[in-house]
Structures are given as C-alpha cells and as structure tokens.
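Which chain is which? The protein sequence lines are U and P, in order.
For the first sequence, the tail end lands on 293 under my numbering, and the numbers increase by one without skipping.
For the second sequence, the tail end lands on 209 under my numbering, and the numbers increase by one without skipping.
Because the hints were derived from the structure by calculation, they are not lab data.
Among the hints, a few may not be true.
As the list claims (entries may be wrong) - Only pairs whose alpha carbons sit at most 30 Å apart, straight line, appear in this in silico BS3-like list of lysine-lysine:
no., chain 1, residue 1, chain 2, residue 2
1, P, 167, U, 194
2, U, 118, P, 182
3, U, 201, U, 2
4, P, 190, U, 203
5, U, 203, P, 203
6, P, 76, U, 178
7, U, 118, P, 185
8, P, 203, U, 194
9, U, 118, P, 203
10, P, 76, U, 194
11, U, 223, P, 200
12, P, 203, U, 134
13, P, 162, U, 201
14, P, 203, U, 197
15, U, 217, P, 9
Unchecked claim - Calculated from the model, a selection of chain U residues having no Cβ within reach of chain P, i.e. all distances over 10 Å:
no., residue
16, 21
17, 89
18, 95
19, 107
20, 122
21, 123
22, 124
23, 167
24, 171
25, 172
26, 174
27, 178
28, 179
29, 220
30, 264
As the structure is a computational prediction, the values presented were derived from the model and not from experiment.
Just so it is clear, CB atoms sit at the ideal spot from N, CA and C, and this is done for glycine as well.
Residues per chain are reported as follows:
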Amino acid sequence: MKLTELFQRGEFVVTAEVGPPKGFHIDHLLHEADEYLKGRVHAVNVTDNQSSVMRLGSLATCKALKDRGLNPIFQMTCRDRNRIALQSDILSAALFGIENLLCLTGDHTTLGDNPQAKPVFDLDSVSLLHMVKKLESGEDLAGNPLEGDAPKFSKGAVVSPCSDSVDVQLAKMEAKVKAGAEYFQTQAVYEPEKFIKFMEKAKQFGVPVQLGIVIPKNAGMAKYMNANVAGISVPDSMIEELQKDKEKTKAGITGIEISARIIKECRPYCQGVHIMAMGWESKVPDILAQAGI
Amino acid sequence: MLITQLKQKDAIETLAKGKTVIINCHGCKEVYFPEEEAAELQKELSARGDVTEIITRDYICNPDNLCFQLQKFMDKINAADTVLVFSCGVGVQTVAAFLENKRVFAGCDTCPLPGFQGVTPLEFDCGQCGECYLNYTGGICPITACSKSLVNGQCGGSKNGKCEVDKNMECGWERIYRKLEKLNKLDTLKFQTKVRDYAKPFKDSQNAD
C-alpha cells in the first residue's frame, strides 16, 4: 500500500521505524514488528545503515517485512552508493513489490563505525527524488529507456522543523517538493510550538507531513541529543520531567506520556506521525493508545 | 596545492634496505615540503644504515630536468639497492619511470592543501569540478564549503550553524543561504534540481549555465 493513497484518503498516517541489526539474524526484529507494529501502524521504515553504522541492508529487511505482511518503507541514503547502484536498488525494490521510498542524503561516513570509508554523495536527497521520478517516467537518470512497465513509488523525504536554521530547511523542503517528494517525515519534535509554526509555513507546499517522534528514554539521552543531534532540542522542563521519577522513566512511562502529549498537541496541524522507537518498539502501542490513535 | 608529509619513521626505515640513494625534491611553489624534518630523519638514516648519497633538487617531476639533474650521480644510483624519494607523488612516479630497473620508494605521503598560490590556504578552495556553481550560491562554493559537496541545499546535519563532520566548520549551505538572504536574492535557490556530472571537467562539453 502506498502512503500517498492513505494521505489522499484523509487518514492520519502512522508509521514506525526499525533498525536492522549488525548481523543477518532478524528473528528478533521480525518478532517485535509482528508483536508491536503489525496492525497498529500503516507502514514501517527500515533505516539504511543508520548513523553511518554498517548493518544489514534496508532492502533485504524490507523484503522480509513485506513477506510477513507488513508495509515497508525503504529508506535510501546517498552516502554509500552512486547513481548506478541506487537506481539498481530502486528497481530491485520494485521487483519485491516495495511501494514506499524515503529519500535521504545520509550522515557523513566519518560519523559511523567505518569512518575510513569513502563518502559517495554522488547524488543528494533532492537529486535522488528527481532520479526516482525519472525512473517512474520510464527512463534512467541518463535518459536511457527502461524495459517494460516503469516502477511507481510513494516518494518520501525528511525535514527538520525544530532546526536552529529552519528557514534554510524550508528552502530545502521546497526543493524536495519540486523534485518529487510526496510526503515528509520530520526529525524528532520536542517543541510543539516550533512545529506548529513550521507547519504554518510548510503547508504552502501542499504535501502531507508526519510529525517525527523519538521516544525520550531518559534525561541522559535528551542531553546527549541536545549536544550532538542536529535539528533536535529537548526543553529543560522535559528533561526535569524525565529526572523527576527515575523508576517511572526507566519503565518507559514518562517517555510514553511525553510522546503521546506531543502527538496530541501537534495532531491538528499535521497529517500523520512517525515514531522512531530505537529499540523501544514495545512502547509504540501504548503511545498510540494514549495519543488517542 | 599539495602538502608532502613524511611517512612514519619505522616505515621509512624498513624501506631503506641495502645501499640507499635518497632524492629530495624541494619542489615547486605548489608543494609544501617539510625540509627540516626530512633532513633530520635522513641524518638518522645515514647514521644507522648505508645511505650512499643524498641528492636534493627541484622539479624532479620534469623528466628532462630529472635526467639532467641525476647525470653525475648515476654511478651511485646504479650501484644502489634502493632509491628513496622524498617528494610529491608525481615526483616519485617520474623517478620510478626513469629508473625503471630500480626499487624506487616514496618517503612521503601527499595530501591536498586547500587553496591556491596567492590565496590564504584553507580559506577559499576550488574543487575544479568543471561546472562552476558559484553563480547560484552567492560566490560561496558548495563543492568545497560543504563536507558532502551537496549542490541542492543544506542537509539535516548542521547544528548551531556548524557542520556535522567538523564542529569548527561552518555549514557551507547555511553560509550560502545567509549570503543570498543579505543580497535579497533567495529566489536564486529556486533552481532546477542539480545533478553533478562527474565526467567533467575531463569531458569536452559546454556548461549552459
């Protein structure tokens, strides 16, 4: 099922995310997806060597999820593959019946666990979207015709609504829309007022936006993100909330409450939510229930 | 511009086996060569091993010049087991081609040094991409000012205006955006999606931009 069809139907589109393991055994991942995500979310993102850490591939994991009856979103970054490999993998995704893509530039290689790797960046998120659109028109990026039917995807992209340079982000968002982005998932939001302000400007592009949620696990994680993760700032009041009752926070209850509250507050201004649980997939059902979804 | 750095001392010591002739190239205006460190290291090598000659010249990358410069040392070179060259990578290749029957080793690693002669190094650099983007970017080069050389705008990795790769480096695309904002020319960014042509600059084609 294409995400764009759900948005067109007016659904509040709910997606979650799984990160493939550093190895090829995915029993645990599939079990968690079955247990906590299946039937509760419209689709599941599969990250592409997230944070430049080498892992099992997104495409293979998408196929495994699809075989289990889940609806995968194939995340693609431009860090590790040139345009030939990217196009080839996009065709492979079409062969597997994968219908949703999320196109990203990708973190730099130096941030990951193989920092000696050659950073590719032959394309970027915008030109990747443009390339998918060209493939959908029946030719490759260089203009050579494809054989048979052209593939068709729902093409997604990302944006950082709470970035300290949100105007620069909006300019990039516009470029992505022009290049073919049909839906957006955002970086984690902890400041609903910033997100709402962002949406006032972003709605001019006429493309659905899913609010990004990263479940805050503890105060340490929040502080770490504030210091190191681009586009994220957790307010002091929220950090205090996480510190107040350590047992409650450890049990995940505080994180669930905060996440559900943000979703409720932002829901009237966006078209869906994307939950990045980062190992806390088991909390997703509670968050959705508390948010009234 | 280039910077030549000495390889690790123990790596060089394992290269300088048997009778060794050292060739230094004090180079050209494009290269920064660590003269003092090289001299010190070669003094140590001479004290320990069998260095039969140390030759210091310039422009050894020019084959005719190299041939001329080495003429009077050819007896020693012919008698040597190893020729160890302290120069940029082009110099080493020229010597290796000229002395085709000799073991020719590089004593240096060659790294690019941003900037050009007459320009403060590290401040401005040109990636020589063959399809200049400066007309879209307020005169700030996205190829060299952005760690990922992105040509369609900022990635999501900048925090407080700094690059995800190097917290001391300003985000190139944020600089571009602020510059165009100052010029009241943000519309410049509404260009058609750019796709780099890596066949350039070696392909003979005209850039319509």
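- Query: Checked against the structure, which of the hints given earlier come out wrong?
  - Reply: Numbers 2, 5, 6, 7, 8, 10, 11, 14, 15, 19, 20, 21, 22, 23, 24, 25, 26, 27, 28, in rising order.
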